[in-house]
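Chemist: Sequence:
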Amino acid sequence: MATIRDLKKTINYELSGVIEECYVWQLENADKAEKAEKIIDAAIESFDMLIARVNEKKVENKKVHLQSVVKDLNKSTGSLMKKLVKL
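Using this note's numbering, the letters of the sequence shown correspond one by one to residues 2 to 88.
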(Lines of atoms letter the chains of each structure in order from A and count residues from 1; the text may use other names and numbers.)
(Lines give C-alpha, C1' and ligand atoms only; values in the text may rest on other atoms or scores of the structure.)
Protein backbone atom coordinates (compact mmCIF):
# COMPACT_ATOMS: atom_id res chain seq x y z
CA MET A 1 0.00 0.00 0.00
CA ALA A 2 1.27 3.41 -0.90
CA THR A 3 -0.51 5.37 1.82
CA ILE A 4 -2.92 4.90 4.66
CA ARG A 5 -5.49 6.88 2.66
CA ASP A 6 -5.21 4.38 -0.20
CA LEU A 7 -5.59 1.49 2.21
CA LYS A 8 -8.75 3.00 3.67
CA LYS A 9 -10.14 3.51 0.17
CA THR A 10 -9.31 -0.10 -0.71
CA ILE A 11 -11.06 -1.39 2.41
CA ASN A 12 -14.11 0.71 1.57
CA TYR A 13 -14.12 -0.39 -2.07
CA GLU A 14 -13.72 -4.10 -1.37
CA LEU A 15 -16.33 -4.36 1.38
CA SER A 16 -18.83 -2.07 -0.34
CA GLY A 17 -18.52 -4.37 -3.35
CA VAL A 18 -19.53 -7.31 -1.16
CA ILE A 19 -22.48 -5.35 0.20
CA GLU A 20 -23.53 -4.35 -3.30
CA GLU A 21 -23.47 -7.98 -4.41
CA CYS A 22 -25.67 -8.84 -1.43
CA TYR A 23 -28.18 -6.18 -2.45
CA VAL A 24 -28.29 -7.58 -5.99
CA TRP A 25 -28.84 -11.07 -4.59
CA GLN A 26 -31.65 -9.74 -2.39
CA LEU A 27 -33.37 -8.19 -5.40
CA GLU A 28 -33.22 -11.49 -7.25
CA ASN A 29 -34.31 -13.55 -4.22
CA ALA A 30 -36.77 -11.35 -2.37
CA ASP A 31 -38.26 -14.28 -0.45
CA LYS A 32 -34.87 -15.12 1.15
CA ALA A 33 -33.56 -11.57 1.64
CA GLU A 34 -32.83 -12.00 5.36
CA LYS A 35 -30.05 -14.50 4.59
CA ALA A 36 -28.03 -11.80 2.84
CA GLU A 37 -28.57 -9.42 5.75
CA LYS A 38 -26.23 -11.52 7.88
CA ILE A 39 -23.49 -11.16 5.28
CA ILE A 40 -24.07 -7.41 5.07
CA ASP A 41 -23.81 -7.14 8.86
CA ALA A 42 -20.58 -9.15 8.83
CA ALA A 43 -19.15 -6.89 6.09
CA ILE A 44 -19.96 -3.79 8.13
CA GLU A 45 -18.37 -5.30 11.25
CA SER A 46 -15.30 -6.23 9.23
CA PHE A 47 -15.09 -2.70 7.83
CA ASP A 48 -15.26 -1.16 11.29
CA MET A 49 -12.63 -3.52 12.66
CA LEU A 50 -10.21 -2.99 9.78
CA ILE A 51 -10.51 0.80 9.81
CA ALA A 52 -9.92 0.80 13.57
CA ARG A 53 -6.79 -1.27 13.04
CA VAL A 54 -5.54 1.09 10.34
CA ASN A 55 -6.06 4.05 12.68
CA GLU A 56 -4.05 2.50 15.52
CA LYS A 57 -1.22 4.85 16.42
CA LYS A 58 0.81 2.81 18.88
CA VAL A 59 2.15 -0.03 16.75
CA GLU A 60 5.73 -1.20 16.85
CA ASN A 61 6.27 -1.77 13.13
CA LYS A 62 3.80 0.20 11.01
CA LYS A 63 4.65 -1.56 7.72
CA VAL A 64 4.13 -5.07 9.10
CA HIS A 65 0.96 -3.93 10.86
CA LEU A 66 -0.56 -2.53 7.66
CA GLN A 67 0.45 -5.64 5.71
CA SER A 68 -1.45 -7.76 8.22
CA VAL A 69 -4.47 -5.48 7.76
CA VAL A 70 -4.32 -6.06 3.99
CA LYS A 71 -4.03 -9.81 4.53
CA ASP A 72 -7.06 -9.78 6.85
CA LEU A 73 -9.01 -7.67 4.34
CA ASN A 74 -8.38 -10.22 1.60
CA LYS A 75 -9.31 -13.09 3.90
CA SER A 76 -12.49 -11.36 5.07
CA THR A 77 -13.62 -10.38 1.59
CA GLY A 78 -12.98 -13.88 0.28
CA SER A 79 -14.92 -15.58 3.05
CA LEU A 80 -17.87 -13.18 2.70
CA MET A 81 -18.04 -13.78 -1.04
CA LYS A 82 -17.92 -17.57 -0.49
CA LYS A 83 -20.86 -17.26 1.91
CA LEU A 84 -22.77 -15.23 -0.67
CA VAL A 85 -22.11 -17.76 -3.40
CA LYS A 86 -23.41 -20.57 -1.14
CA LEU A 87 -26.74 -18.76 -0.74
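Be careful, since some hints might not be right.
[Said to hold, decoys possible] DSSO-like mimics (lysine-lysine), calculated; alpha carbons at most 27 Å apart, straight line: (1) 39 with 72; (2) 9 with 33; (3) 87 with 39; (4) 63 with 36; (5) 83 with 39; (6) 76 with 10; (7) 10 with 63; (8) 9 with 63; (9) 76 with 33.
If you are wondering where the hints come from, they were derived from the structure by calculation, not from laboratory data.
Just so we're clear, the structure is a prediction, and the values are computed from it rather than from any experiment.
Chemist: Starting from residue 76, check that the Cα of residue 10 is at most 27 Å away, please.
Modeler: With Cα atoms ~17 Å apart, residue 76 and residue 10 stay inside 27 Å; holds.
Chemist: Has the given pair, residue 10 with residue 63, been kept, meaning a C-alpha gap of at most 27 Å?
Modeler: holds, 18 Å
Chemist: For residue 87 and residue 39, compute the direct alpha-carbon distance and say whether it is at most 27 Å.
Modeler: holds, 13 Å
Chemist: Quick one, are residue 39 and residue 72 close enough, alpha carbons at most 27 Å?
Modeler: Given that 27 Å is the threshold and the Cα spacing comes to 23 Å, the pair holds.
Chemist: Is the Cα-Cα distance between residue 83 and residue 39 27 Å or less?
Modeler: Holds. Residue 83 to residue 39 sits at ~13 Å (cutoff 27 Å).
Chemist: Can the restraint linking residue 9 and residue 33 be considered satisfied, given a maximum Cα separation of 27 Å?
Modeler: Violated, at roughly 32 Å.
Chemist: Are the Cα atoms of residue 9 and residue 63 separated by 27 Å or less?
Modeler: Distance of about 15 Å is within 27 Å: holds.
Chemist: Please verify whether residue 76 and residue 33 have alpha carbons no more than 27 Å apart.
Modeler: holds, 26 Å
Chemist: With the threshold set at 27 Å, check whether the alpha-carbon distance from residue 63 to residue 36 stays at or below it.
Modeler: Status violated; Cα separation ~37 Å.
Hint violations for this structure: numbers 2 and 4, all remaining hints satisfied.
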